[in-house]
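Student: The lines below spell out each chain.
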Amino acid sequence: MLTPLLRLALLTMSLLVPTLAQAQTTDITARIAAMGEANLKELTQIVTDLASTGDPSVVPVLTALGDGNLYLDETSGRVVIQNGSTITDPLTGEAVDLGADTDLSRIRVNNGLRRDISAALGGMTLMSDNPRTRLSAAQGFLANPDPATLPLLDEAIAAETDANVLGVMQTARATTILSSEDASIEEKQAAVPQIVSGAGRSAITVLTSALASAPDEVKPTIQSAIAGLEQSRAVWAALQNVWFGVSLGSVLLLAAIGLAITFGVMGVINMAHGEMVMLGAYTTFLVQLVIRQSFPGLLDYSLLIALPVAFLVTGAIGVGIERGIIRWLYGRPLETLLATWGLSLILQQTVRSIFGPTNQMVIAPTWMSGSTDFFGLAITYNRFWIVIFALIVFFMLLLILNRTPLGLQMRAVTQNRRMASAMGIRTPFVDAMTFGLGSGIAGLAGVALTQIDNISPNLGQNYIIDSFMVVVFGGVGNLWGTFVGALTLGVANKFLEPYAGAVLGKILILVLIILFIQRHPRGLFALKGRAIEQ
Amino acid sequence: MSKAQDTMLYLDGVSVAFDGFKAINNLSIIVRPTEMLAIIGPNGAGKTTMMDIITGKTRPDAGEVMFDGRTDLTKLDEATIANLGIGRKFQKPTVFESHTIWDNLEMALKKPRGIFNALFYTASDDDIARITDILDTVRLLHRKDEFAANLSHGQKQWLEIGMLLAQDPKLLLVDEPVAGMTDSETEETAKLLREIAKTRSVVVVEHDMSFVRELGSRVVCLAEGAVLAEGTLDQVSANPVVIERYLGR
Amino acid sequence: MLTQALFRALDKKAIWVIGIFLAVAILVPMANLLIPPGQFGHVPTYLVSLLGKYLSYAILALALDLVWGYCGILSLGHSAFFALGGYAMGMYLMRQIGSRGVYGNPTLPDFMVFLNWKELPWYWLGFDNFWFAMAMVVVVPGLLAFIFGFFAFRSRVTGVYLSIITQAMTFALLLAFFRNDMGFGGNNGLTDFKDILGAPVQAQSTRVILFAATAIALALSVLVCSMIVNSKLGKVMVAVRDAESRTRFIGYRVEYVKLFAFTVSAIMAGIAGALYVPQVGIINPGEFEPGNSIEVVIWTAVGGRGTLIGPIIGAIVVNLGKSWFTSALPEFWLFALGALFIFVTLFLPKGIVGLWKQVFGAGRQTAEPTPPTPARSADIERGEDPSTFDNPQPRPAE
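Read top to bottom, the protein sequences are chains A, B and C. Here this note's numbering is used: the first residue of the first sequence is 1, the next is one more, and so on. Here this note's numbering is used: the first residue of the second sequence is 535, the next is one more, and so on. Here this note's numbering is used: the first residue of the third sequence is 784, the next is one more, and so on.
Just so you know, not all the hints are guaranteed correct.
Cβ pair distances, simulated, as ranges [claimed, not checked]:
hint, chain 1, residue 1, chain 2, residue 2, range
1, A, Ser209, C, Pro889, 49 to 57 angstroms
2, A, Thr380, B, Thr608, 50 to 58 angstroms
3, C, Val922, B, Thr608, 35 to 43 angstroms
4, B, Asp553, C, Phe913, 41 to 49 angstroms
5, A, Thr208, B, Gly554, 54 to 62 angstroms
6, C, Ile798, B, Asp553, 55 to 63 angstroms
7, C, Phe913, B, Ser658, 37 to 45 angstroms
8, B, Lys678, C, Leu793, 20 to 28 angstroms
9, C, Ala1111, A, Arg292, 52 to 60 angstroms
10, B, Asp553, C, Asn963, 46 to 54 angstroms
11, A, Asn402, B, Asp553, 12 to 20 angstroms
12, C, Val922, A, Met396, 48 to 56 angstroms
Partner residues aside, some chain B positions facing chain C, computed with beta carbon under 8 angstroms [stated by the list, open to error]:
hint, residue
13, Ala616
14, Glu640
15, Met641
Mimicking DSSO-like on lysine-lysine, the simulated pairs with C-alpha atoms at most 30 angstroms apart in a straight line are [unchecked claim]:
hint, chain 1, residue 1, chain 2, residue 2
16, B, Lys645, C, Lys795
17, B, Lys678, C, Lys901
18, B, Lys609, B, Lys626
19, B, Lys704, B, Lys645
20, B, Lys678, C, Lys795
21, C, Lys796, B, Lys678
Please keep in mind that the hints were generated in silico from the structure rather than gathered at the bench. We put the CB at the ideal spot given by N, CA and C, even for glycine.
Can you build the whole structure from these sequences, using the hints too?
Tutor: In structure tokens, the structure reads:
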């Protein structure tokens, strides 16, 4: 149980005080030898004595005894530590060869003794030179408060220099005081705030268990402390929900933003948009496949490499669709909807025929796996990067729309197609580019989705209705509407989930959007003015 | 309220803005029963927006809009306003192109507009006589069974005027009725409108000055959403501000 | 009044269509019952049920045509009304199973026993009565359509926005019906039916009667639709389709016109669903799939929208194709369906009926209203000129 580091630390300490160590060694050796034949009561005494020497070299013995790794060799009468197949001397840690006819019997301990051992060890490690050792010891006291250890803790607190460790020690002390019967009411009152500030997520548990045995005078203090903690826990839970919502919202944003462009600029409903997302995901899969076979060194960067590839592939397909189908259907939005739906069926079935109906895997790069704890919020890296990615895509798109000639032309066409055409803007070219851009962004969304969803031919179908809801909710012709719409829906979804369950929450969202549309038929960020009233 | 008495249409201090742009700015206009009023003005003067406000398509931000001296139009929707007796002809002729000319008039004919009234409607002899009469007036009787889509631009204008007549409104709002018409058609239209104005109030928006002269009515010149000048055509066209802003030198 | 409306409804074309399906209602059962198996002209029982299924689809397509073809409302949620009607019928059929279920519970359907439910939820009460269930077949889809339409049309949600929210509606229902605690059998839906009105659903005679009932229901639907579209209301519906705000300015309440069409259409769809369920023997949440609703749209488009016979032809032709493909080339059905969507919208906007007229009816003036082709939606949507209407482009003469 003791880390090698700890052992090293103890060894260092023993080297620093060689004389003391030498003087005690014989005494310790004798006591350890006596452990072999001792009964429980004697064993308890020996443990206390060993601990009172304060010599770090007894730590392995005590640890082994607590863990049930200390044995008596009946043949030679030696006490040894057996760890797996290695047998070592309890004091020196050197390997021991007991010969062939060894007969090891475990030195038995009961729970009471085990508690004594850990208290003894805790006391010894509390005074250790290594802050990490002290920290883990203090945490041990925090987890198992025992009034008997109070003097020990007081002593350690007085000597402690590390603020971090000190905090834990004080919390442990406060916890111990609360559970102690001897402590005065004032002491107990004073202990409560220390627990609140120090015990973190377990503070509520600690206080709740202390509440039952606490004297009546202290109870209100504890109760209000618990109430306060629960409130802040609710705030954190809400924040965690916000994060989940933002994460979902950014996925929705990625999926919907391309749709918003084609719908906003061209008035075209692209039901095959989801399939563009799906194709982006399969492109990522293929890119990774190629990289794994030919350039395994680049595996960690395959997602980054897939981004431009997916953008170009789906963008080119988008331009093809626009030139091949959609341009013949301008002015007939409902027909466009049907034709692109037909296209989505064909694309799905094509992918199903090529790759099969089963899910494909894209391996996450190392920098996207794992998670971090951010002030108590669990944040997984893949979600984190998707949020960042969605923001990057969104702002890039804003830049394209607001700062490039193509963007200028797109906005011109959005506002007044006939006039734009009269001004010499090649509206068919703008349409093709717009559709290509929208599809390309769907492809980028597909790359991101490989990290959180199964890659299957139906991938796009899971997002298309949600994406439409975002666009309809946010309003057409304004990217910020899509942005706000996506995040609002994401967060609302995650907030409804705990109360209504995932499915019912989704139903509620749909119903709410349907009701919302009644009030704002053109969405949240609708363009206003007489020109739009038609 | 009392100010609106004995008026067919009463606009007082009406304003509406789109995204900060004041399309109508403190506009006040009165039309009396059986009066014809011609409205002229440059593009963007707010003529069409004014009609949108009267017919309930646009809600004003401020101001009073009263019909027939007692009905507040700002709270009502298009269909209710139309049924009160306000008919509108649009700048661009809009007739129901996949219906025959006869059906266009039959739909416009003043009758209860309820769903089941329409479902079980059968044309009475009176209705047939009335539609025939109107068709005769707008000179489309010989083409009554053709699709409205097949009409020329000018004929569509006339069909739309016919639909207005079929609605039997108290107030007609007529937006550029002679656009795309020949001179003789224009003359005929002016005659027809003068005839109509004997029994109803008519508001005509038009750019064609000779047509406005033929109407011989009171003239209001709008600019930037407000009344610039008012009076007979001669008075208005002599107004230096009107010459400056609209007619040009 | 009604007689006049009926008289108007029975114009030459409608009489033909109605006559054909009444004849089918008699001839197909005769061919099944009177001509012995193996002889020429015998229609096997499975085929009777298959044809019955097609005819119930035809009713659904006709219902959609009433709102889409005539009133310009593209509903992408019509299979929701179909499924609701189907569920109402399914609930009646479940109650008829009685104690013959696997668990032998006399009142509770098997899935409720399985979920440890102790008593019938209130909304299942009354469904043991056939006529109550039939009333619900009409009331539930009708009421949903009425409420949904009331809000949607009142706030002037039109065009693709309306299409998208109808799709959201059916999607929400799909999710809801998948839930076990909704009390509609969850994932598995309602199945293992035994009796309808005391007759075993699997029996040849029952199947034949169900088929005849479907054919008659189709004929009646054609009659009702013909009555509506030939009335002044029908003309107003077309006017709403072509120039919605213009219709408003001559005093019609567009929202009520649409609401009427939408509700009648939903009721027809519900009846179609109720006829469908006993013939296929199952109803499950899959019927709510948004994809199904869109498929109905393509039946209507293939046949020719804005006509009464078009959607019927479309529903039968496309589903014959589907049956053939799914048995012969199952891999290719979705390719074929997808290609059909694209082909019809690009090259056959008036469907089979329109093609027929073009080929055989050249030179003859047709009375069918055809949807006009407006200018680019972008122009309309943002109409530079506020008085420009839904239909600014003159339609070329036919």
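Student: Provide an ascending list of the numbers of those earlier hints which the structure does not satisfy.
Tutor: 4, 9, 17
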